[in-house]
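Start from the sequences and build out the full structure, keeping to the hints where you can.
Chain residues, written in single-letter form:
There are 2 protein chains.
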Amino acid sequence: MCKRENTKPVYAGKVKIGGGGVSIQSMCNTDTIDVDKTARQINQLAAEGCEIARLAVNNADAAKAFAEIRKKTHIPLVADIHFDYRLALLCVENGADKIRINPGNIGEKSNVLQVAKACKSRNIPIRIGVNMGSMEAEVVKRFGKTAQAMVESALYNVGLLNECDFDDIVISLKASSVKVTVDAYRLISKRVGYPLHIGVTESGTLHSGMIKSSIGIGALLLDGIGDTIRVSLTADPIEEVRAAKSILRATGLLHSGAELISCPSCGRCKIDQIKIANEVEKALGKINKNVKVAVMGCVVNGPGEASDADIGIAGGDGCAILFKKGKIVRKIKECEIIDTLLKEIGDM
Amino acid sequence: MCKRENTKPVYAGKVKIGGGGVSIQSMCNTDTIDVDKTARQINQLAAEGCEIARLAVNNADAAKAFAEIRKKTHIPLVADIHFDYRLALLCVENGADKIRINPGNIGEKSNVLQVAKACKSRNIPIRIGVNMGSMEAEVVKRFGKTAQAMVESALYNVGLLNECDFDDIVISLKASSVKVTVDAYRLISKRVGYPLHIGVTESGTLHSGMIKSSIGIGALLLDGIGDTIRVSLTADPIEEVRAAKSILRATGLLHSGAELISCPSCGRCKIDQIKIANEVEKALGKINKNVKVAVMGCVVNGPGEASDADIGIAGGDGCAILFKKGKIVRKIKECEIIDTLLKEIGDM
Numbered sequence: 007m008c009k010r011e012n013t014k015p016v017y018a019g020k021v022k023i024g025g026g027g028v029s030i031q032s033m034c035n036t037d038t039i040d041v042d043k044t045a046r047q048i049n050q051l052a053a054e055g056c057e058i059a060r061l062a063v064n065n066a067d068a069a070k071a072f073a074e075i076r077k078k079t080h081i082p083l084v085a086d087i088h089f090d091y092r093l094a095l096l097c098v099e100n101g102a103d104k105i106r107i108n109p110g111n112i113g114e115k116s117n118v119l120q121v122a123k124a125c126k127s128r129n130i131p132i133r134i135g136v137n138m139g140s141m142e143a144e145v146v147k148r149f150g151k152t153a154q155a156m157v158e159s160a161l162y163n164v165g166l167l168n169e170c171d172f173d174d175i176v177i178s179l180k181a182s183s184v185k186v187t188v189d190a191y192r193l194i195s196k197r198v199g200y201p202l203h204i205g206v207t208e209s210g211t212l213h214s215g216m217i218k219s220s221i222g223i224g225a226l227l228l229d230g231i232g233d234t235i236r237v238s239l240t241a242d243p244i245e246e247v248r249a250a251k252s253i254l255r256a257t258g259l260l261h262s263g264a265e266l267i268s269c270p271s272c273g274r275c276k277i278d279q280i281k282i283a284n285e286v287e288k289a290l291g292k293i294n295k296n297v298k299v300a301v302m303g304c305v306v307n308g309p310g311e312a313s314d315a316d317i318g319i320a321g322g323d324g325c326a327i328l329f330k331k332g333k334i335v336r337k338i339k340e341c342e343i344i345d346t347l348l349k350e351i352g353d354m
Numbered sequence: 007m008c009k010r011e012n013t014k015p016v017y018a019g020k021v022k023i024g025g026g027g028v029s030i031q032s033m034c035n036t037d038t039i040d041v042d043k044t045a046r047q048i049n050q051l052a053a054e055g056c057e058i059a060r061l062a063v064n065n066a067d068a069a070k071a072f073a074e075i076r077k078k079t080h081i082p083l084v085a086d087i088h089f090d091y092r093l094a095l096l097c098v099e100n101g102a103d104k105i106r107i108n109p110g111n112i113g114e115k116s117n118v119l120q121v122a123k124a125c126k127s128r129n130i131p132i133r134i135g136v137n138m139g140s141m142e143a144e145v146v147k148r149f150g151k152t153a154q155a156m157v158e159s160a161l162y163n164v165g166l167l168n169e170c171d172f173d174d175i176v177i178s179l180k181a182s183s184v185k186v187t188v189d190a191y192r193l194i195s196k197r198v199g200y201p202l203h204i205g206v207t208e209s210g211t212l213h214s215g216m217i218k219s220s221i222g223i224g225a226l227l228l229d230g231i232g233d234t235i236r237v238s239l240t241a242d243p244i245e246e247v248r249a250a251k252s253i254l255r256a257t258g259l260l261h262s263g264a265e266l267i268s269c270p271s272c273g274r275c276k277i278d279q280i281k282i283a284n285e286v287e288k289a290l291g292k293i294n295k296n297v298k299v300a301v302m303g304c305v306v307n308g309p310g311e312a313s314d315a316d317i318g319i320a321g322g323d324g325c326a327i328l329f330k331k332g333k334i335v336r337k338i339k340e341c342e343i344i345d346t347l348l349k350e351i352g353d354m
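Those sequence lines, one after another, are chains A and B.
Read left to right, the first sequence gives residues 7 to 354 (our numbering).
Read left to right, the second sequence gives residues 7 to 354 (our numbering).
FYI, nobody ran anything at the bench for these hints, they're computed from the structure.
A virtual CB, placed ideally from N, CA and C, is assigned to each residue, including glycine.
Hints are all accurate, no fakes.
Quick list of the computed label-pair ranges, beta carbon to beta carbon:
| # | chain 1 | residue 1 | chain 2 | residue 2 | range |
| --- | --- | --- | --- | --- | --- |
| 1 | B | 278 | A | 336 | 50 to 56 Å |
| 2 | B | 331 | A | 192 | 26 to 32 Å |
| 3 | A | 7 | B | 333 | 38 to 44 Å |
| 4 | A | 297 | B | 114 | 35 to 41 Å |
| 5 | A | 42 | B | 22 | 56 to 62 Å |
| 6 | A | 296 | B | 147 | 28 to 34 Å |
| 7 | B | 147 | A | 325 | 30 to 36 Å |
| 8 | A | 74 | B | 288 | 36 to 42 Å |
| 9 | A | 297 | B | 11 | 41 to 47 Å |
| 10 | B | 192 | A | 150 | 25 to 31 Å |
Here are the simulated EDC-like cross-link-like pairs (lysine to aspartate or glutamate), alpha carbons at most 20 Å apart as the crow flies:
| # | chain 1 | residue 1 | chain 2 | residue 2 |
| --- | --- | --- | --- | --- |
| 11 | B | 276 | A | 67 |
| 12 | B | 147 | A | 314 |
| 13 | B | 115 | B | 142 |
| 14 | A | 276 | B | 37 |
| 15 | B | 126 | B | 171 |
| 16 | A | 333 | B | 142 |
| 17 | A | 196 | B | 229 |
| 18 | A | 151 | B | 314 |
| 19 | B | 276 | A | 37 |
| 20 | B | 281 | A | 37 |
Pasting the structure below:
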């Protein structure tokens, strides 16, 4: 299995994909032709932590908009191309930092080759973006709609690009089934060393989409697979970036910022722990500090369970104990919990 | 590795844990002594899909409340015991269907043995609930705070119970680190065939907790590991059950009910897809029908991508196409999308 440390690095603008590290992507849901609106959304996504933004390009005007959007933004921009390879060529001319093509719907072999030539001339990587629902007919005929089929489709297209001496490739293999998606990425990681863009497609609305994406992306990241991630949600793309950051943090791949650990409250808890945990989390979001904070309902889940937290509280009856690195510091009143925690963190 | 089909079944009341299938657990956050409030919460959780409810038992009054709560509820009830093994004995007398002990904080060996004897006399299973933060001191000294340590702690306690000829065991190995949690369960599944209760502990508030739990529980379920799950959230326990159902559905382990697949909208989308997807999802929650519904922003992610959906729409400009099993049925106006989908589903 080729783990992320050993994948071949490619560059979308200044962002390295492959060879270690995991970058966060999202995709605009604005009309690409609306330059101001699209640039504004890209900058909002970037401010939230998005490192690469993808734009739908469905006509020549959208391709031409790339040049203007580029001037108003600072993160790499990927052109998402379906059906018409000529739009890819136009995007390359207009400053796209990476091209995504869906090989199953881009037409004949020579189309892929022309895109490869254009990208090679400007050192732009290509993502072969295989989707379960739009693979080459021959592949589906031979392998069915399976993880194996997505892998074979990707490898066929890698072959086409390689024929053209093109090697700056990123691969994605997305299905709406989490299991099939995970299986496909595990399979391909044993076959090639190209960086992998991972995600679950058509994963649904905020709640179910976050869960499907977390499982699929998270399981692969824990395996050491995946160089760049995109959480697909039928929601504001800002939510995709937030979820992506949480997934990276949960899998130990993002260490910056504050982390809150909190137990589910239970019958032992005598403080309003759900409210306190949410308010502390909200306040931590505004503090740019690498700190692990615990908000525990009672002593059972107190200092012992949270001994690797930098600071925390464990609820008592109308009070709480404040602890640091598992050691009790002092007792405080319930009404002082939030202020005390935030002051102590501020002083750290 | 012992997969869930091959774990040894035990019974918490009428609910089988082990030997195939995955049940959903949650835990009340009411004061157990408040019988009415606790029974009401249990019944709400059960109505949402919870199959086993756990109650904190921190004093004799809470243990005695079990008998009354039992009469007002119908799903198996688990007594959660820390520190005092005598509370476990009292819960067994008062009708608990399963006992959870945390071996690290229950005191000497003879305490565990007494609980085993009491449970054996009434055919009640015991969960050895190891938590990273409260393992036996000797185990931590020897193995550190590692996945291996949690496994060794569990195996030591399995040994104690086995000495007592007690074999109706469930094991959990929870850490607040997703990776350590997953590693621990993978390790123990190679060592014993007891059913596993899986979850990530102190996973945090609704957003981050759902993500951590989805990754940890989801990755293991995809491996074939896990017989019963509990999503821990610092939130209303109803949210734990909702998340658990979504995790089971996403991993192909729950097939009942309607499933919505929807693409993230992008620059190609000309309909208000986020709103439509959310409204359709909400309406589907009230329909008791096994149906897969797709709400797609455009034809790129349309019938092809969603060909395994029973029914769906793909947005156009002020309109949409209605499709069934990937075949286009007819064109409809945007304002008719929700009503048409729900009527067609109702007629199915």
